[in-house]
Each structure stands twice: as C-alpha cells, then as structure tokens.
Amino acid sequence: MCGRSLLIFLLLSVPDCRLELPELSAIISELNWGLQCRTNIIYLEHTQPNDLYEAIRSTVPSLLLSGSANQLTGEMVSKPLLVVLPQPGDRILERFAQWPTAMQEADYLLVGQSSAAHWQGLLAGLWSQGYPNVLVYNGTAMEKGTLYTSEGFPQQRLGRTNVSHYLWARRHWFDDLGALEVRVALYNNPPRTLVYPEHGVYDGYALMLLRQFLAHRRATFVPVLTPHYRVYSANDCLKLLHLQQVDICGDLLAYSNISSFTASYTYLYGNILIPNSPPRSKGIYTVAPYSATMWMTVAAYLVLLPSVGSLVYWLQRRTIRYGKFVLDALKSLLSSGFQLGEIRGLVGVVLYLTLVFTGFICSNFYLAALGSILATGLYEPQISTFEELVQQNITFIIGDYDKTVLQTYDFPDILWNITRVVPYDFITRHRAVFDTDYAYLAHSDRIALFNFQQQFMKKPRMRPLPIELMHTLPGFPMRRQWLLKQKLGETLLNCFNSGLLEKLAHDTNRETIRIGYLGLIRSEEYRARPLALDFFSMPFYMMFTGLGLGFVSLVGELLVHLLARGRRASPPV
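Here the sequence shown stands for residues 2 to 574, where the numbers follow our numbering.
It is worth saying that the hints were derived from the structure and are not from the lab.
Check before you lean on any hint, since a few could be wrong.
As the list claims (entries may be wrong) - In silico DSS-like cross-links for lysine-lysine, where the CA-CA straight-line distance does not exceed 27 Å:
hint, residue 1, residue 2
1, K240, K404
2, K488, K240
3, K283, K332
4, K283, K459
5, K460, K283
6, K488, K504
Claimed, not checked - Derived Cβ-Cβ restraints for the label pairs, each shown as a range:
hint, residue 1, residue 2, range
7, G201, R430, 22 to 32 Å
8, K240, L375, 50 to 60 Å
9, V423, G500, 34 to 44 Å
10, V434, D401, 14 to 24 Å
11, D436, G500, 33 to 43 Å
12, G338, M295, 19 to 29 Å
13, V561, T298, 38 to 48 Å
Even glycine gets a Cβ: it sits at the ideal position worked out from N, Cα and C.
Based on the sequences and whatever the hints tell you, model everything.
Structure follows, in structure tokens:
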C-alpha cells in the first residue's frame, strides 16, 4: 500500500479524553510508519468536541475534518487519510455504507471502551460491508489499552494483537479461504472469457486469471451462467451483481459507478471493424497503369507527332498522309515495326528516333505496371475516416451495453446516424463470418483474434479503422462488499507487468478456433476455374479502342481524299 495506503482512525464511544494518549499517539505513529501514510485526518461530527483532536495533534501531526461523509469522500480522492470519528453509536455501520468503495482499501483503527462481544459484532459487520483492515484499541483511563483484530478469514475470530502483528496479518488474511464458494457470472467474450460448460471449458485470459487467483487461495469457483451466456452479456452480469446473486463477473468491463471495480492497470480502446475495399472491375485494368496526366501526355503524343510528320511530308511531297503517321505512332507504342522512309533528310531520322525511344519507354512502363496490377489486383480506395465510413453508408451494429459505454466515452456524433442497436446473437452470427454488409465494434484485445481468424486469406475480408475510440481502463466488476477486491487488483497488476495476460490472450485465440466458437475463414481457392465475363472486359476494351482509332483514321483519310479530288475536279476560274 506504499504511498497510496489510506490509514483511517475511528474513535468509538469515548466518554472523556482521559485515555492513555501517549500510548495512542505511539500506536498512530507506528501505524503511520508501517503503512507509509503521510496524512492524518481526524473526522468529527458537528456535535462533537475537538478536545481529543487537539490532544492527539499535539503529538501526531493531524488535520481536522468536520462534517458529513460527502466531505470525506472529496478529501480521500486525492490523498491518503487518517480519520478519527468519535461516537458511532448505532449508526456506525450505516456511516460506513455511505462511503465510496475506494475507502474499503483503507485501514481503520477503532478506539473506545467496550466489551469483546461488542467489538466482535462490529468487526463482523464491517467485514460484511467490505472493510477488512480493522484494528481495535480498547482502552480506559485506569489501565493500559489493548489492541484487537480479526485472526483470519472466514473465521473472523477476535484476538489480541500488536501493531507489528497487525501489519503482517493484514497481508495474509485471505491466503486460505477454506473452500469458500465464490459465485462468478459467466458468458462468452473471447479472448477475455470462453465458456463451454458442456465440455467443462472455462477459459479466456481474464477468466483463467480469476480462476487461478481463487485456486491459489483455496476458494471454490462456482460458475453462474447468464441467461444468454453464449454471446456477450455484460448487462446480464451487472444485473446479477445488483441482485446479489453472484460475487463477481468473470469479464473485464469498462469502469462505471454502478458497481465496484478492481483497480485498472490495462489500457483498452475500441476500433470499428470495417470491410476491406472491394476489387475493381477488370475493365479498369486497361487504363490503371497510367494516371490521367500520363494518358493526356500519350494523347498529345498521338496528335503532335503525326501532325509534325504530315507537315514535313506535305512540304516534301505536297500531299497529306496523316492517317499513316498516326498508325506509325501507335505501332511505336506497341513496340511494333514501322517505317518513315518516305520522309527524306535529317528530319526523318529525328522523327524515327523520337518514335523509337518514346514508344519503347511508354510500352515497357505500361506493361510492367499492368503486370504488377494483374498480380496483386486493383481495389477501391480504403475507408480511412469517419466521414468516408458515413458516405459508404455501412451500418455500424452494436449491442445495448456497447451503446451505454460509447455514450460515456465520447462516441463521435457523426457515427450515430449509421449506428444500429441489435441483439448480441445477431452481431455474433454476422461477425463470425465477417459479413461485409456491416461494421462492428472491436476492442484492442479482440483485434488479434480477428486477425488470427483471417490469417490464411490472401486479402483479409475486414480490418480495423485506423482511428481509436472509447479509451477505457477495464476491471473486474464485483459486489460492493466483496473482500478480495484489493488482492485481486494486486494479482491483475502482477500479471500485467509480467506479460502473462498477453500470453493467455494468445492461447485463448487458438482455443477459440479449436473448439469451434469461431472458425478460420477459408483461403481463396487456387485451382482452375471457368472464366467469368469480367475477364473478357479488358481485352474487349483494348480491341474496341484499337478499332475506334482505326475507324477514325479511315474516316479522316477518306475526307481528305474526297476534298482533294473535289478540288482537282473543279474547273479553274
């Protein structure tokens, strides 16, 4: 409890201040040192005198807090405490019930004058409310005080002690629970929980950690299945806790004020599992190797070079052969043979070399890019923002508990328009086969499971949207009065630091596939298959383009010849 320990003193049934204050102050100082508590706060009701506080403060540095339990709650959020509360009367247990669950981790010193039976009953009442760390100082003005505490759980017998023994005992009260039954609410939420009662399977990294924790302390694990345990049933688990029908949930849930939670040491976030971009039509492959700018450059090449060749030919022969030069330019792009022998002189050599080098570069670059595209495939642009997801109009399906958590942890408003609340069995059924008609919520510890499920696919069917949301610090929810909260939190911290949680999660992924809760998505078949109509679209487009260019050239040549013939047939003026 170093640094964060809460040392809380309760002064009970003190008729006057003639206690052995030097001895009491020495006990307080020794507890301060043993628990590493830095701040002592003495709590008094409004109607109680400050005499005892003044007497204690003269030897032990202390602060005075006078008022209601709400004031105490505000103080204890930020610092360790030492509180002295006089005159509990019959309301002491009621007062404890009003305090926040975080104060159950504190240490309490009950100071007063009463019988052993009274202290035994009070200790039992405090333990039943989840306050185990209780030390009793029973003293009078006539004799030296006596320290009492519980000798262990679950017997809770009252026994004499000293500060040193108390500091040791508080660490070992729950080492042997004597086959105490612990009711654990269970449902399926791999990799955290994996529940198959018909096969005796109670796995998952969170559930296995909890089971080993109970077994180590010789407690009896009693599984309590939620009504819909085959799917995610967090609300059912919390309802059973509220009805006191279970002691703890076997799953890690996002922290909330509706239940008591272990301290959170793991950090989880959520992603939206979205479909990967679909493949584009094979007809697009024809133009895919070049960008729009490159195609415009090729078009300019097909216009400019034949125009220059036709102009030179007209200057030398006084006739136009534009169509022939267009075909020569196309042949150069197709790395086919062509001739420019009809153009004489140096200009013919320059045009020839221009056609050769330009055609060689363009054709080889095109074929290399086309070969790469045919090997890897061509896909639509990936969804990378919430706005693009909304534009695609893909329904984002969540459960009722997910909606509650998302409303708490700042879910983007833009996504509510495409969000739909459905039963969890509907989500499980469609997510198990990665139905691309929907988007799904995936926590960070489940993404590895979904990747594991798609590991044999050439291209995964779904992927997480690369934007994190719903950042949470999860813990085990439990009954407010459950005494093992602090010990379980320490175990969770040790497993997190050692990397054991990650190893258990990896093992659960394999177990989830093995028992058939989720199946591996089948890889693509590589055997020969009949050609679909889409495979003929690319050669069809290329053939149509070639025929179109030839037809345009033919029409152009005919028009030129008709105009020339008409010009020769007309009589001179």
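Right, here's what the structure says about each hint:
Between K240 and K404 the CA atoms are separated by roughly 17 Å; this keeps the pair inside 27 Å, and the hint holds. Of the pairs offered as hints, the one joining K488 and K240 holds, with about 24 Å between alpha carbons and a cut-off of 27 Å not exceeded. About 25 Å separates the Cα atoms of K283 and K332, which keeps this hinted pair within 27 Å; it holds. Proposed proximity of K283 and K459 is supported: the alpha carbons are some 18 Å apart, at most 27 Å.
Taking the CA atoms of K460 and K283, the gap is near 17 Å; set against the 27 Å cutoff, the hint holds. The hinted pair formed by K488 and K504 meets the criterion: a straight-line CA distance of about 22 Å does not exceed 27 Å. Taken as a hint, the range 22 to 32 Å holds for the pair G201 and R430, whose Cβ atoms sit roughly 25 Å apart. About 56 Å separates the C-beta atoms of K240 and L375, a value consistent with the hinted range of 50 to 60 Å.
Roughly 36 Å separates the CB atoms of V423 and G500, a value that falls within the hinted 34 to 44 Å. Taking 14 to 24 Å as the suggested C-beta distance range, the pair V434 and D401 conforms, at roughly 23 Å. Distance hint check for D436 and G500: the Cβ-Cβ separation is about 34 Å, which falls inside the suggested range of 33 to 43 Å. Range check, G338 to M295: Cβ separation about 25 Å, and the 19 to 29 Å hint holds.
Between V561 and T298 the beta carbons are some 27 Å apart, a value that contradicts the proposed interval 38 to 48 Å.
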